[in-house]
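S.K.: Each chain is listed here by its residues.
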Amino acid sequence: MDKVEFMRFWIFIPFIFLTLFLPFFLSQYWLHVMIISLFYVMMASSWNLIAGYTGQISFAHAAFAGVGAYVSGMLAVNMGIPAWLGILIGTSIAGLLGLGLGYLCIRMGGIYLSLTTLGFSEILRIIITNEDRWTRGTMGLQIPGFFIEYSKMSYYFLFLIVSAFFLWVIYRLIRSEMGLSFRAVLNDELAASSSGIDTIRVRILAFTISSAMAGMAGGLYGHYLMLITPDIPSLGQMFLVLAMAVIGGMGSFIGPILGAFVLEILSEYIRIYGEYHVLLFGLVALGMARFAPGGIMGLLEKRWRLREMS
Amino acid sequence: MRQRILEGKGVTKSFGGLMAIHKVDFYLNEGEIVGLIGPNGAGKTTLFNVISGVYPLDEGELFFNGTSISSLKPFEICRLGIGRTFQIVRPFLKMTCLENILIGLIGRGERQKNLREKKKEARFYLEFVGLKGRENSVAKDLTLIEKKRLEMARALATNPKLLLLDEVLAGLNPSEILQALELIDIIRSQLRVTIFWIEHVMGAIMKASDRIIVLNQGEKIKEGKPEEIVSDPQVIEAYLGESNA
Amino acid sequence: MAEFLMYLTNGLVMGVINAISAIGVSLVVGIMRVINFAHGELYIFAGYFSYHLSLTLGLSPILAMPLSVIFVFLMGVLMERFLIRPTYGDEMYSLIITFVLSIILQNSALLIFGPYPNKPPTLISGATSFFGLFHYGNQRLFSFIISIAILLSVFYLIKRTWFGKSVRAISQDREMASLMGIDHLKVNMLSFGLGAALAGAAGVIIAPIFPVTPTGSSAISLTAFVVVVLGGMGSLKGCVVGGLILGILENLGAAYISTMYRHIFGFIILILVLVFRPWGLFGQRT
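Chains as they are written, first to last, in the numbering used here: chain A, 4 to 313; chain B, 120 to 364; chain C, 983 to 1268.
Any given hint might turn out to be false.
[Unchecked claim] To give an idea of the chain B side of the interface with chain A (calculated C-beta under 8 angstroms), a few residues: (1) Val173; (2) Arg198; (3) Met214.
Please keep in mind that the hints were generated in silico from the structure rather than gathered at the bench. Note that the structure is predicted; figures quoted are calculated from it, not measured. Backbone N, C-alpha and C define an ideal beta-carbon position, used for all residues, glycine too.
Produce the complete structure using the sequences and hints provided.
M.R.: This is how it looks when you write it as structure tokens:
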């Protein structure tokens, strides 16, 4: 392990302690913020899997979360299906949609994927807003929670466990042969293809896994809030997820985690003054993308490397 | 009779209105080193791109060991046994040397070997091309000749029976050229790989090839042993024509 | 029957406006391989400029409209020069940058112009009778005529002028064009600006008919993208045909099936194109 990895590892350990014991000292409000942050950790990390590791910019990530939330929610409300099962079904449907969309677009190139996912996102939001007999549209649909007895603490640990699971899956994936293929496709698709990598299959696989993850995250989110609205599959949410990955550091493992926590916590502070956080994050994300494409993680790594050399 | 490892009949490819290669017939025998020469814009790299599946051909047929490869995708053609390097070298810049070669191994599509075994084999190729010890160096930090060696190693890792080399000697100084020629010779004799090779460094390619094919403006104008080609008036005309223009 | 003809005419009018908007996208994609996600925002910014120039500053619409387009052109040029140019060769980052930009512009529009729809004054009032079957708004007819004029100008620009030839040369092979002496960076900048200007033109033409709102920009971008995919990337002819088809389908669909799902028809067309003919009507099969 080189020095950077070594340092990262040792920051991680106290962080884990913190996440396990902190909730007992936090107020209900801040516990809520932590839970929301964990939702974004799931979303940003899974988006980073396709954007940071295979170079595909999808705008349907929030939409897939919406799929998870609404499928699970409506199944619970209309058919009494328990949350855990509903979420699994929502995840599968999100994954299937991801597979379908991916198969249609990826053969044609990255631009087509971005366009189609944008379209998909908008259309889903329109459908959810308009079919208010089923979805209650913008008023929101009330759905049962995950736990019979409401307890923020329980939700916190639920989200923590699932986030850890996501991160474990992503970590194993990146370290595997498939992960190497992802990065080869990211670096140079033509060279990868000429070296025997079925680049289309690799990209579709990444996209499908990522969509399913978004679906699961959305399902959990919905059952936590117990009220789902078309805001979940909106481009505004999509932007937040993107900003977290970009600012935190695309293509790095910790970047999206960092971005999720930083932006979510910051937005709580900014919200006191008004809904300016989107604009602010936009400007920061723009600056990062333009001047520091590696995000915060990229900047930190550069400083560590420079210090090593001098 | 030696098996024809690669055969093309009437291969034609155009872009928009521009004809890049026109009804080119050619073949390679197993174990040969065949050079492909011609002035700039003659269609040499286009031919390679058509063979390796990067461009679909407009007309004609292509056979690799008797199997038609005209409509296959690049990764399928690679797995059948055709490897290649690129005119402008293309290693995976943000990945280490070992990882670059691993991709070639992964590209074979074999399920049996696990990652550890593949890494061992990758180290073999690393050493074969003379990059021992550079395992963890990131590709973008390599010099030009090191990048070329890396690209070669990656292509060899795919276990090719035929290797397409596109101007490997470009940008190398004379001693590096000699090293490269040695490597190519070892590839043919030790690894038993047939080589199809585009080159502008005339002295080198004439010395090392069994046979030369000459393209000019998309058509094959001559084919034969190096001695014959070097003194052929048509070939000289084609090149002179280029330097006059 | 009269109703049907009216919807059809609406479709044609919207169709040519769609075409203008789509060409703005297609040009930039063809020459720079970049999709400008902020397209819709530029469109509505032009609409807002037009509104404020005429109502707040009291300029006549004949001045306000072209001025707004020029403002948006300048915005496009600045965007290209400072944000897009540094990302050359990296498709992914230009997508991210234009998307983030679109969010920034959208939110800025909300802050600067407010959330309420704004409608600049019409140039021409009254209505014309069509064969005695129905009356059609003169402003819409005027929009139609202006749109056709703009389309013809763009075609002329691309086919006949030096600029157009440079654009086509660069679209085919950037290196060759550069070797032939074309200042490809300058052409890029101007093309991007032109793309923005076309978005702006579409915006100012539509604004007197349908008011502009800051939240409508995503749908506008999406419509333009669908037209480009339907017509075929890089084909100007395709933008016109695609724009007309989409305009007519959306209007007929909205009238006879459902108004709320107007934009779904576009998305359905997108999916159908991807399934059956991904390179579009006039695109190149790769």
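S.K.: Each hint needs a verdict: does it hold in this structure or not?
M.R.: Each hint tested on the structure:
{"no.": "1", "hint": "Val173", "verdict": "holds, 7 angstroms"}
{"no.": "2", "hint": "Arg198", "verdict": "holds, 5 angstroms"}
{"no.": "3", "hint": "Met214", "verdict": "holds, 6 angstroms"}
Hint compliance for this structure: no hint is broken.
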